[in-house]
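6 protein chains.
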Amino acid sequence: MFRHQKELQFEVKVDRPDPMLARQVQEVLGGQFGEMTVMMQYLFQGFNCRGEEKYKDMLMDIGTEEIGHVEMLCALISQLLDGASPEAQDEAAKDPVTAAIMGGVNPQHLLVSGLGGLPSNSNGVPWNGSYIVASGNLLADMRSNLHAESQGRLQVARLYHMTTDEGVRATFRKMLARDRYHQYQWMAAIQELEEKNGVVVPATFPPEAELESQPEAYEFWNLSEGNESSEGLWATGSAPDGTGNFVYVAEPVAKGQVYKPAVPPEAIHHDLNPQNKL
Amino acid sequence: MFRHQKELQFEVKVDRPDPMLARQVQEVLGGQFGEMTVMMQYLFQGFNCRGEEKYKDMLMDIGTEEIGHVEMLCALISQLLDGASPEAQDEAAKDPVTAAIMGGVNPQHLLVSGLGGLPSNSNGVPWNGSYIVASGNLLADMRSNLHAESQGRLQVARLYHMTTDEGVRATFRKMLARDRYHQYQWMAAIQELEEKNGVVVPATFPPEAELESQPEAYEFWNLSEGNESSEGLWATGSAPDGTGNFVYVAEPVAKGQVYKPAVPPEAIHHDLNPQNKL
Amino acid sequence: MFRHQKELQFEVKVDRPDPMLARQVQEVLGGQFGEMTVMMQYLFQGFNCRGEEKYKDMLMDIGTEEIGHVEMLCALISQLLDGASPEAQDEAAKDPVTAAIMGGVNPQHLLVSGLGGLPSNSNGVPWNGSYIVASGNLLADMRSNLHAESQGRLQVARLYHMTTDEGVRATFRKMLARDRYHQYQWMAAIQELEEKNGVVVPATFPPEAELESQPEAYEFWNLSEGNESSEGLWATGSAPDGTGNFVYVAEPVAKGQVYKPAVPPEAIHHDLNPQNKL
Amino acid sequence: MFRHQKELQFEVKVDRPDPMLARQVQEVLGGQFGEMTVMMQYLFQGFNCRGEEKYKDMLMDIGTEEIGHVEMLCALISQLLDGASPEAQDEAAKDPVTAAIMGGVNPQHLLVSGLGGLPSNSNGVPWNGSYIVASGNLLADMRSNLHAESQGRLQVARLYHMTTDEGVRATFRKMLARDRYHQYQWMAAIQELEEKNGVVVPATFPPEAELESQPEAYEFWNLSEGNESSEGLWATGSAPDGTGNFVYVAEPVAKGQVYKPAVPPEAIHHDLNPQNKL
Amino acid sequence: MFRHQKELQFEVKVDRPDPMLARQVQEVLGGQFGEMTVMMQYLFQGFNCRGEEKYKDMLMDIGTEEIGHVEMLCALISQLLDGASPEAQDEAAKDPVTAAIMGGVNPQHLLVSGLGGLPSNSNGVPWNGSYIVASGNLLADMRSNLHAESQGRLQVARLYHMTTDEGVRATFRKMLARDRYHQYQWMAAIQELEEKNGVVVPATFPPEAELESQPEAYEFWNLSEGNESSEGLWATGSAPDGTGNFVYVAEPVAKGQVYKPAVPPEAIHHDLNPQNKL
Amino acid sequence: MFRHQKELQFEVKVDRPDPMLARQVQEVLGGQFGEMTVMMQYLFQGFNCRGEEKYKDMLMDIGTEEIGHVEMLCALISQLLDGASPEAQDEAAKDPVTAAIMGGVNPQHLLVSGLGGLPSNSNGVPWNGSYIVASGNLLADMRSNLHAESQGRLQVARLYHMTTDEGVRATFRKMLARDRYHQYQWMAAIQELEEKNGVVVPATFPPEAELESQPEAYEFWNLSEGNESSEGLWATGSAPDGTGNFVYVAEPVAKGQVYKPAVPPEAIHHDLNPQNKL
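Residue numbers (numbering that gives the first Met the number 0), protein chains in the order written: chain P, 0 to 277; chain X, 0 to 277; chain S, 0 to 277; chain R, 0 to 277; chain Y, 0 to 277; chain L, 0 to 277.
Source of the hints: derived by calculation from the structure; they are not laboratory data. Where a beta carbon is used, it is the ideal one built from N, C-alpha and C, also for glycine. Check before you lean on any hint, since a few could be wrong.
Here are the computed lysine-lysine pairs in the PhoX-like style, where the Cα-Cα straight-line distance is at most 20 Å [claimed, not checked]:
| # | chain 1 | residue 1 | chain 2 | residue 2 |
| --- | --- | --- | --- | --- |
| 1 | Y | Lys5 | L | Lys53 |
| 2 | P | Lys195 | P | Lys53 |
| 3 | X | Lys195 | P | Lys12 |
| 4 | P | Lys5 | R | Lys53 |
| 5 | S | Lys5 | R | Lys195 |
| 6 | L | Lys53 | L | Lys195 |
| 7 | P | Lys5 | X | Lys93 |
| 8 | R | Lys259 | Y | Lys259 |
| 9 | S | Lys93 | P | Lys93 |
| 10 | R | Lys53 | R | Lys195 |
| 11 | Y | Lys53 | Y | Lys195 |
| 12 | Y | Lys5 | S | Lys53 |
| 13 | P | Lys12 | X | Lys259 |
| 14 | X | Lys12 | P | Lys254 |
| 15 | X | Lys195 | P | Lys259 |
| 16 | Y | Lys259 | L | Lys53 |
| 17 | S | Lys53 | S | Lys195 |
| 18 | X | Lys53 | X | Lys259 |
| 19 | R | Lys12 | S | Lys259 |
| 20 | L | Lys259 | Y | Lys12 |
| 21 | Y | Lys12 | L | Lys254 |
To be clear about the criterion: a stretch of chain P counts as covered by chain Y if any three or more of its residues have a C-beta under 8 Å from a C-beta of chain Y, and this derived list gives those stretches [what the hints assert, rightly or not]:
| # | stretch |
| --- | --- |
| 22 | 156-166 |
| 23 | 174-186 |
Using the sequences and the hints, build the whole thing.
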């Protein structure tokens, strides 16, 4: 069960409205790596967590924090939209600056939300549940969490340069600090889990079944022209868990057959084969 | 530019058709972490790669390999569907086993694709471009790649137990081996990049701007009841890059204000405030 | 079966083209509460209506009227786009006003529809079937209809202020008048149905099963800080149907357990628990 | 800012697993009118609420309660999936009952979430942001809330009959009780707002602009064969706010023109008109 | 403006309910090539048609007919669902046939639509506006129409074999007949347009600009292993409009450069290049 | 299996950056008829092709070429975005031209892809799998291919006029030439298939079943006012395959019944009918 307190986690106070910026900020609210994504992702991972109390507790801590980040971004977007009005567009025909700003505004901020944040990204595409990850395998999921915080922080950093409004930047700095901590946090959790279970997900696949395909588990297939790709750590030396050595296959040969599928039954209406009479 | 050769990368030959399994296999073809995702993700990362020849070459190698994995899965699904026919449903009313199988079949395999693979997941939801990640920041993106291979391998491992068909399992073993290699590969690439740029993404955000929010970058906020979350590596000791020490904030206090947004202009038709006359 | 007559329901004649406005108008054509939504919603409710001749007839009347509203909006958008051309963008670099207008235009009006209306909203997101409601329960559905007309009229009212073009405004005034009538209409229908069936949907749930949870059916749970929410009609007095009295629970206590889910079977590859051996 | 406590709002304890039911329950978790919808809808309405403290507080109370309902449904679905395993499908070929159950299971419960709740509906379609409503106009939005609770309660009532598991039914009874209260609550809030602002949304549209279309605001257009639709409250008597009398237009005449759009400029490549030479 | 008459275009009367078939029929109601698609496609083409009265009139005729086809399919699905009930699922555990049928039912037919047609496909994915085509270029669009009728008829033909219910089949035969006519119709219209404008869309692109790329307009590039593709009409002889002769390029050579994009500006946080200092 | 070579198929070298054009070009990369669509469409048709070696080989040739077109468009978009930066927006408030350009830029080119191509259309809507067609019936599918190349070429032609940048236009000319060839190609293939199988898809539907609906297969139903539609080839003369003569039904009469569906079982909670007691 959840509870809400009235204060925002951090202060949100912009220096001046900026409806074009409000549109861009939607990316980190309702985009693929916005706060709605990490909020729902950590909550679902927490709700579905089986058998690991300290991980579940940690997921609930962070997921609950992220609900408050969605709240902060709605406050930020509302302030950036303060004073925006439908009439501005009609005046746009007379004044290039107004016109330009109207061109860059998300029309749904005026028409749909009435100057509030929207559950959609910077192009107005609605947030959807396929952005999130909760597989039941904690190591796999925390790799997603580390990645989501990396993309999220990258996007906030890019947004930071889109404004010189010190109020907006102050909020972004708090978010960047939290995203820095969250990257550390998932790295630390991943380190714990890799030490327990090994680095390859899933860890529990039957080892005897893995044997047959042993060579393919260590080969780099050079399928694009040039062999610059032979220069990296992935091409030489041993695998990160020391279970084998990498092989750079400079001229790979297909190991499968030329596949010729069967002609389908008549009721599929494939049409081309005379023997197919209904 | 690309070229195609007729042989599949690995042999695909099922022992017997199984249209219910065909539906499940769609998850690793056209689902969030299916082969279409990694194919398009690595290709877009490669196409958009700026200034790093060996990384670009490597991305093109893997992205090109993954096109061939989509090809293999289409071959697998076609074979699992061999012999399926529309008439089976009508017979279902008479025979529980037929009925059960028809109930578990993706109707689009009969109606839409005519016994071929579909660009959609195991529930028939079409693949879409928001599954993929290509941000221009290689470390961020490779964390996504490591994660995608973790989820993909997890799902193939779960699928493996859904059949005892040795032909299907042989193909899955090859895919599991390649997904194992790909996890190693992205770990190795991430290690290289973290050594160059530091572990936090993005690395180039202006350090002076980070100072103000220094404390929040190392704090764990305990926002859910209980403090089991204080037991992990993320709660004590120093950050992975040694730049600071973690602080477990057992009883966090909100640092922001109670936010009261302004009343909107009249043309927004907020309706409730008497001073709003048009 | 349907028939079409050539005249529009109301005259559509704009004073001058305005491609930026054309983009905004898409919201009330193909957005969540646009005319496509009410058209498809009323038609599906009418097609699926079981056992109530006068309601079905009424739904078909309004649904059929709304097809004509989609037609009117396509005419309006076409006129707003008259004369727009691809070349304008290239000239934009030279002239701020042209640039601004091009920046605010929906590029698909030029590239995809060739100056016609699109089945999408003001941000170009395609209309989809999950916008509509047709549940078979008329009271539930008519509450949706009343709501949809409220949102639709609100958006047209906001659009009205985006232009001073008297031709456009004249069309909007007709639409506002119809949306006013449609709100009245659904209120009247709801009143009839509530008098027949009671105000709670569904009405026919077995009363004996409701008894057990009697108290929770009248309680307000105060889960956010502050108790301003105790001041409304929802917090005191009796329920609208007089079946009970409201209780404001100022300090609610959870009535459920701390939930600890079971560890999953091995083939799920949860990975963390050593007893899970395949 | 938000906080989480470990106890569920109400007890969730199923008598026995039932993976087919788990799939159906997804509708009220991640469907158009599931708990994710009301949770996000009330939170966004609360976050964006301008100038009405008691309404904002109330919205935050209910929105916060609904996060806990998402939590409860994840617990319910996890329990219904307990013991489900990938191997079951392979055994299905031998046993009709197993086959039937596998056919009715959401394959993503096995492959994607590892026996946890998914942010999607009973057909596996991901939840998306276009399900929710937050327009800034409280009367419009609360009509949506009343409607959403009507659909939600209707669906839970239908689900109730899909099982005789007393544990599942006990949870559903609690949800039905809360949905009953929430319907009362929105009715009460709507009554307050209609008394303040009038029944038509928006209330503040300039009255002088409404005059021109006065007649159309009270007319029912009979556009489908038959006139059973003349029998309802919407067809005779006065409007709910007494501002006018309804008129049943039995044989409506189009008031608009036959619309003939202009031929587009050459660069649109309309192709058919010889004068269009580039 | 539109009008509705109460009779269906053709009789719809199934011999017996069949909820599994109801789910499959959704494909031709709300799928990519279902009746909703052709209805909306022809209406939008008609609404947006500029300058060609007889084509516009024809599009309105067919579009209006298709609204009636949506109506017929809703009637068909309702009848196939007659008698289906939520309780059936609970009984499923006891009886394999019931279980199998429940497994194959669309749960939304019970939970969401209350035994009515849904605006979604056979897997429950909602219909969306990106299924339709209306470009303003009639020849391009009618090629889509011919294609849509081909897919639609193919799917109805496949459905036909899924049932031996003579009532259902009678309705399908009417639909197959209309789809046959509609294929003829679009062929005839295409023939007219190709005679007027030439066979390549668009026809009006400036001829002098086409000259530079003259050779590439007649070449087949053999980019997959094997040259079976040299055997078709597309590989030899002259183009359909006689403007040139086909050339089979058995060993194609790339004509472009190796592309190396520039390093991005600092605020993009590409991270890897040391000269990028903010 | 596939291989990649470093050279682009054709040279891509723009004269100067143009981020507004970059946004428009996304339509032909990730839109409904962009290169991602034809690439995935031809590859899936090829992968799923059963029993026709030369057609499969041809589909693989073209599908493989189209992967290279996606690559070219990513290169084009990257060049058009060269030098774009987040800071530009903040300067926009001071300068109308900058503001206008920022208003027309896709914010995701800055925030999400870091100046690279995106898998989405010109409004930022992600590409999805329901854009593509692969039915197993080659004639049906090749009609889609002819249509897709028609729309694609139309859109590139419209884009051509949006710029006078000679570098961009040179690339577009190559694409227009290839789209011209591809239209020829599918026409040639369709001609072959129609000669083999007849012009109506599917060809193999049982002829005896078609007889019953014979008349409806040749009738034009005039359902919109006016009879301009009687003037085309579709209204008079014989069908394209000479199997019958067209009939123009000027005043069509419905052949179906007035449909009255049955009242549903109680657990559907239809609510209105008193006999429905649980």
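Of the numbered hints stated earlier in the document, which are not met by this structure? As far as the earlier hints go, 1, 3, 5, 7, 8, 15, 16, 18 and 23 are violated by this structure, in ascending order.
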